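Protein chains in written order, with our numbering: chain X, 1 to 167; chain C, 1001 to 1539.
Among these hints, one or two may not hold up.
Not the full set, but computed from the structure, chain X residues with beta-carbon under 7 Å of chain C [unchecked claim]:
{"id": "1", "residue": "R19"}
{"id": "2", "residue": "R26"}
{"id": "3", "residue": "V36"}
{"id": "4", "residue": "K67"}
{"id": "5", "residue": "V71"}
{"id": "6", "residue": "V75"}
{"id": "7", "residue": "S76"}
{"id": "8", "residue": "E80"}
Calculated directly from the structure, the hints in this document are not laboratory data.
On a predicted model such as this, the values are computed, not experimentally measured, just so you know.
The beta-carbon is built from N, C-alpha and C at its ideal position, and this holds for glycine as well.
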Amino acid sequence: MDRHVISVLVENHSGVLSRISGLFSRRGYNIDSLSVGETEDASISRMTIVVRGDSYILEQIKKQLNKLVDVIKIVSLAPEASVYRELVLVKVEAGEKTRASITGIVNIFRANIIDVSPSTLTVEITGDQSKLQAFIELMQPYGIKELVRTGLTALQRGDQQISQVGQ
Amino acid sequence: MKAADAIVKCLQKENVEVVFGYPGGAVLPLYDALRNNGMVRHILVRHEQAAVHSASGYARTTGSVGVAIGTSGPGATNLITGIATAYMDSIPLVIITGQVRTDLMGRDVFQEVDITGATEPFIKHSYLVRNAQQLPRIMKEAFHIASTGRPGPVLIDIPVDIQNTRIEFNQPDELQIRGYKPTFEGHVGQIKRALRKLRHSKKPLICVGGGILHAKATKELAGFALKARIPVVHTLMGIGAMGVDHPYYFGMIGSHGFAHANRGVGQADLLVVIGARVADRATAGSGIFAKNAEIIHIDIDPAEIGKNLGTLIPVVGDAKHILQQLSDGIEPLETEEWVAELASIRDRVHTEIHNKPGFVNPKQVLRDLGEVVDDQAVVTADVGQNQLWAARNFPMQGDRKLLMSGGLGTMGYSLPAAVGAKVAAPDRQVVAIVGDGGFQMSMFELGTIAQNRLAIVILLFNNSRLGMVRELQDRGYGETFGIDITDGNPDFIALVQAYGFQGVQVTNTKDFSASMRVALESGKPYLVECIVDAKESTL
Ligand SMILES: Cc1ncc(C[n+]2csc(CCOP(=O)(O)OP(=O)(O)O)c2C)c(N)n1
Ligand SMILES: [Mg+2]
């Protein structure tokens, strides 16, 4: 099943998130991730939803979302025309012996160490999914104690804004 | 003014003459405002579910928005089945619920329930009002959203303290709802494409649903079919979209439709679907629906197009407009042979009517009902065998209406829907068709009928069974279970007499028409109980 990234402008008030997540679960659409936050206009939030499905499902998702009065606009963000980013925080075991090599990997990936304890390092890394995946795999041998990810967020490339894009 | 008074003022601005409701603590300010104002009639129902069904019957009879009111908690949850029923059939309703005080919300206090959350899957839109000042705008939006685009129910949940807040009445002249812009006019290019396809079709067929009725497009449909010479079939919800006396009328499709209509769909080379979602009941679950046809799908809701049917030419917009545009652009097609072919299939099929002593044949009775009632009659039907007997046998002509719960199949719909119809149109004959099971699911509404002296004729088919389930069990399992209600059934005549109605029991098909005439002419609530053989089949 193909992965699609869709960007949804919605009214920024309570209840909207549950309407959208309810629609996905009720109709059996698979969500990989959903991230949401206010936009440059405080009355509008923007959701980035990563879904799996064929073109029929994708069309259904867009049409059903569009029926919600709180949904203002929906666009698909194709990989070649968009930038995708995700933030991951990893708390990894780091003793005397391993600390240096972890720091080396962190530097290569241009990640940041944002917290240190005698036995752990907490690393912040942003990037597209393949970069994050590679980093996480490299951290695994050291022992990942905790990991949290924001879910993907995305914008279209170039000077276009979502309000100018045809649906 | 008080926000509660503003609600009533808004109702008046929307030309609401009647509301169907049931009071409770969380709507006391609203009820006081209704009493004070005195201009909006309040029909006190006996159960909130009936308030919504009645509002639905009212909306479908008048073509305007129906309004139902309930209190918080159990009042609100009782509304739910009605709301889901209306949603599935795209009925324009505004439902107002009371809610607990804003400062108590979220603490599971007495009679608190999250009704906007609970109804979210089957409602067009809902509001939880937290700022009283916004109420006039929200009311206006609710009526607009309920009645435009694809119609549907809209709920406004109003905490009791909000109803008591003093506000300045401000309502925008123009609504700006940035996420709600239904397409009205059909795309000219798509209409041209559709016309081109039609011109090259040898066996075109039009299949219509309830959308024709919502769009008030029956005249345009009749005109287009006649001019273009295209036969028309319909779904269950499309009953009444075209009169049975139209020369191109070819009946109802679907699992409970007519074989000739389904055969027509199978043989057509071009199917024009209008205002129908064509779900499983309409395709008879076949998966080979319209297997030889290319499909033009016209619907005001773009989400219906491509959902259940692969579509060649989608046209989004209002059916009335689009049919007019198609009519203007079409020349008569050469369909004589195709129409004759369909007619010959139809004429070969015959439903035999058997008469068993001591029993009424419901199929014959419903054909006879067509002779007895006038062309303005509003008939409601419940769910079960009685619904399909009515759908298949009651002849739709003139301005007759046949109202039922198609999408959800909600038992208990017909009695309260008839209440709404009679309140909406006191001068029209109103007949509520119902089974002995469904009657007992809404019989509390006899109180509403009595209190408001509504001259509704209840046509009860008493087969001492939950007949439709009986038939499914007989066919699918060979044995029946949990469907025999003989022992618990009341003396229905005595029951309605307790409410002051008259009643007559009919045990012979040929006695039906005379009894029905007496009932209709009485000008009072009346029960006509037909005793039906438990083994009677639906088709
Ligand atoms: C609220 C509700 N509960 C259950 C059903 C399932 N159901 C469909 S038809 C039917 C039997 C209806 O019996 P009755 O009202 O006597 O009508 P009949 O089929 O005998 O004409 C039942 C139980 C339903 N449609 N709605
Ligand atoms: Mg029965």
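Against the structure, the hints:
Below 7 Å, beta-carbon pairs count as interface contacts, and R19 (chain X) has one with chain C at about 6 Å; its hint therefore holds. Hint status for R26 (chain X): holds, given a least beta-carbon distance of 5 Å to chain C, under 7 Å. Annotation: V36 (chain X) was flagged as interfacial toward chain C, and the flag is violated, the nearest CB pair being 16 Å apart, outside 7 Å. Checking K67 (chain X) against chain C: minimum C-beta separation of about 5 Å stays under 7 Å; hint holds.
For V71 (chain X), the interface hint holds, since its Cβ comes within 7 Å of a Cβ in chain C; the closest pair sits about 5 Å apart. The beta carbon of V75 (chain X) is not positioned within 7 Å of any beta carbon in chain C (closest approach about 14 Å), and the interface hint is therefore violated. Because the closest C-beta pair between S76 (chain X) and chain C is about 16 Å apart, greater than 7 Å, the hint is violated. Look at E80 (chain X): its Cβ only gets to about 26 Å from chain C, farther than 7 Å, so that hint breaks.
Going down the numbered hints, you'll see the structure goes against 3, 6, 7, 8, while the others check out.
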